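Listed below, chain by chain, are the residues.
Number of protein chains: 2
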Amino acid sequence: MDTPKGYKYAAIEGNLKYSGRLDLALIVSETPCVAAGTFTANKFQAAPVLVAKELVETSSRVQGVMINAGSANACTGEEGIANCKRSLELVTSRLGLTPDAILPASTGVIGLQFDMKKWEAAAPVLAEAVGKHTGDDFAKAIMTTDTFPKKASRSITVDGKTVTIAGMAKGAGMICPNMATMLGTVITDAKIDAAMWKRIVKTGVDSSFNCVSVDGDTSTNDCVLALANGASGASITEATEAEFQQAVTAIMRELSYQLVQDGEGATKVMQIMVSGAKNDAEADQVARTVGHSPLVKTAIYGKDANWGRIVAAIGRSGAEFEANDVQLTMCGIELFKNSQPTDADFDTLLKPYLEKRDILIDIVLGNGEGKAELFASDLTHEYININADYRS
Amino acid sequence: MDTPKGYKYAAIEGNLKYSGRLDLALIVSETPCVAAGTFTANKFQAAPVLVAKELVETSSRVQGVMINAGSANACTGEEGIANCKRSLELVTSRLGLTPDAILPASTGVIGLQFDMKKWEAAAPVLAEAVGKHTGDDFAKAIMTTDTFPKKASRSITVDGKTVTIAGMAKGAGMICPNMATMLGTVITDAKIDAAMWKRIVKTGVDSSFNCVSVDGDTSTNDCVLALANGASGASITEATEAEFQQAVTAIMRELSYQLVQDGEGATKVMQIMVSGAKNDAEADQVARTVGHSPLVKTAIYGKDANWGRIVAAIGRSGAEFEANDVQLTMCGIELFKNSQPTDADFDTLLKPYLEKRDILIDIVLGNGEGKAELFASDLTHEYININADYRS
Chain A
126 MDTPKGYKYA
136 AIEGNLKYSG
146 RLDLALIVSE
156 TPCVAAGTFT
166 ANKFQAAPVL
176 VAKELVETSS
186 RVQGVMINAG
196 SANACTGEEG
206 IANCKRSLEL
216 VTSRLGLTPD
226 AILPASTGVI
236 GLQFDMKKWE
246 AAAPVLAEAV
256 GKHTGDDFAK
266 AIMTTDTFPK
276 KASRSITVDG
286 KTVTIAGMAK
296 GAGMICPNMA
306 TMLGTVITDA
316 KIDAAMWKRI
326 VKTGVDSSFN
336 CVSVDGDTST
346 NDCVLALANG
356 ASGASITEAT
366 EAEFQQAVTA
376 IMRELSYQLV
386 QDGEGATKVM
396 QIMVSGAKND
406 AEADQVARTV
416 GHSPLVKTAI
426 YGKDANWGRI
436 VAAIGRSGAE
446 FEANDVQLTM
456 CGIELFKNSQ
466 PTDADFDTLL
476 KPYLEKRDIL
486 IDIVLGNGEG
496 KAELFASDLT
506 HEYININADY
516 RS
Chain B
126 MDTPKGYKYA
136 AIEGNLKYSG
146 RLDLALIVSE
156 TPCVAAGTFT
166 ANKFQAAPVL
176 VAKELVETSS
186 RVQGVMINAG
196 SANACTGEEG
206 IANCKRSLEL
216 VTSRLGLTPD
226 AILPASTGVI
236 GLQFDMKKWE
246 AAAPVLAEAV
256 GKHTGDDFAK
266 AIMTTDTFPK
276 KASRSITVDG
286 KTVTIAGMAK
296 GAGMICPNMA
306 TMLGTVITDA
316 KIDAAMWKRI
326 VKTGVDSSFN
336 CVSVDGDTST
346 NDCVLALANG
356 ASGASITEAT
366 EAEFQQAVTA
376 IMRELSYQLV
386 QDGEGATKVM
396 QIMVSGAKND
406 AEADQVARTV
416 GHSPLVKTAI
426 YGKDANWGRI
436 VAAIGRSGAE
446 FEANDVQLTM
456 CGIELFKNSQ
466 PTDADFDTLL
476 KPYLEKRDIL
486 IDIVLGNGEG
496 KAELFASDLT
506 HEYININADY
516 RS
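Chains as they are written, first to last, in the numbering used here: chain A, 126 to 517; chain B, 126 to 517.
None of these hints come from the bench; they were simulated from the model.
Some clues are possibly wrong.
What the hints assert, rightly or not - Label-pair restraints from in silico Cβ distances: (1) B:Asp261 with A:Gln238: 36 to 42 Å; (2) A:Asp450 with B:Arg324: 31 to 37 Å; (3) A:Glu203 with B:Lys476: 55 to 61 Å.
Claimed, not checked - Just a few of them, taken from the derived set where beta-carbon distance is under 10 Å, the chain B residues facing chain A: (4) Gly205; (5) Ile235; (6) Ser400; (7) Asp429.
Owing to the predicted nature of the structure, the values given are computational and were not obtained by experimental measurement.
Where is the CB? At the ideal position from N, CA and C, for every residue including glycine.
Start from the sequences and build out the full structure, keeping to the hints where you can.
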């Protein structure tokens, strides 16, 4: 992974909930950063979401991100917020930083209060470890039911200088971000104005993390936190914004794809493209109804060309369209139009494609301008294994 | 099962798709009936849905219901409608009835055209069998992935005469009716006016079939067809409507419960009660978001008191409420209020309840008048087994 200049990492076994695995991670920039963030649309926002949101809006001294796995610190009331702030103090004080310098994020079980004795023991170890680890270690430490760490990076040249952007994310379950994914961190050494950075992060998230779904469940903790510390010496201006945006979005899309690919128990990535809708919102509604349908997901898992389930999902999506205008193409094979199946021998034609990981589902609803795209995983035995006893 | 007077049944191995199992069923009344029906809200309504809907509206000679399993005759265009009508003619002509006398319903794979040669062979056998079978046989013949036949019946006394109502349904997967369930048939020997019968059927469906969910997938074929032949000699009047309504609703609720209980792979029935919402629609939205959440469904399957997943689902439902007003009670144990967990030792307290089949989830959103109820199944390994290779 390419690493932006001026950041240090720590990734430790904090023993906050689990033993014998990394569960506490920190990125610290050597200098204050321009911070941006997008946060879950869930009405029950976790304590770290509330705290990070406020810091992104008010603090001019942000220079790090701390993430713990094991406990989400969500649905924990005032006590949860106090615990979150205390956990930040325990770490910032040891790094010579003010308490508003680190953005928090948490993932894990909802409804448990932090065990602060464990945090008091872990904080000095974490602070001590800063600089001893890498971005790859950070990506590993934030995993929960993930089977591989998600990371992506890219360097571009701006004004003759190299600007690097890196992203690390965790996901797997409770994924259907509406605003942000589970936990994503994007860092860069570009020098950039706060308003521009916020705009770039929002634009990137809208066409990446907000277009993926594992199980339709938007978490209480979803967030993407983004830092820019300027260490490259290269400034992003209006002239270079587009190129920079492209790189940031590309990294976010790479991470998002990895999230779906590693969706709990997933074996497939459906890429659902909807066009011709009345508007984008209705196209999105259709894409999500198809992508969340347990019957579609299990058919794809079973490598079954049972496309009728897709059409049925389109039909119950609530979007407005003429049934007769709808066209369904799967992996390049036209299957349904004019309200009836095409002549394609779809079982034979689709068979080789259904063996692959990526399944392209192309839905045309009519002549409208609305379109949407969604990456969604399948629904498998392993998903049930993981979620029927996640807490135990 | 109590059986209303004046109906005859046939349930045969039609060999329409499967061999060696009942797949074609018919109820015929000795005299013309008052017919009512509720039909799927899916935009792609199957051919039999379109045909039955028209017959319910226009025909005064309805006196039967014919159901086939194996092919849904959905997404089959004009050819599908022609095949549906032809299948009715093949049977009505042999029974001395006009072609508009039988309401059709189909269940099975979407997107396949009927094999009319098989229908030509099956129709005489079906007509010949009328009167040789029972309502129980009918309920068996309409099963697809169902593991037991769904039926309910009840008799009440009206004007000193016995009126009997019986219901038969099939379901299991693709169940989240919005208008009707997969296939339900309700017959009675009451004498009743068409407008009243339609009203009673709609009212019953709204608080029964429309309140159940297995997988959130509303089928292209959902319908409830209802016949009243008057053979009991007892008339339902305004004075006795309420009592009759109660009996009809009770039967529909019994059938609905059976549908969830026999949801594909289901081991649990969640009864989700939402109150205090801004209005009924928002309460329903919350109930459905919780009832469809794969994470909630798998936790219930795993007998895991992981109530945070329920709160997270409430939070992403899109309903309006103050997070601080929300209260969650499960199986009588108060778990969450004032934005934080109660002091209950919920793991210990809930353990015995989570072993049971029926799981009561009680959600209070605030002080509004809106309320809703939903029966939903869990999500299990067996659901995946069934749906990953349903077609094969």
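Do the hints match the structure? See the list:
Between Asp261 of chain B and Gln238 of chain A the Cβ separation comes to about 55 Å, which falls outside the hinted range of 36 to 42 Å. The hinted range of 31 to 37 Å is satisfied by Asp450 of chain A and Arg324 of chain B, whose Cβ atoms lie roughly 35 Å apart. Between Glu203 of chain A and Lys476 of chain B, the C-beta spacing of about 29 Å breaks the proposed range 55 to 61 Å. This hint holds: Gly205 of chain B has a C-beta 7 Å from the nearest C-beta of chain A, less than the 10 Å allowed.
With 10 Å as the threshold, the beta carbon of Ile235 of chain B comes within range of chain A, its nearest partner Cβ sitting at about 3 Å, so the hint holds. Given hint, Ser400 of chain B at the interface with chain A, is violated; its Cβ is 17 Å from that chain's nearest Cβ, farther than 10 Å. About 5 Å separates the beta-carbon of Asp429 of chain B from the nearest beta-carbon of chain A, less than 10 Å, and the hint is met.
Going through the hint list in order, the structure does not satisfy hints 1, 3 and 6.
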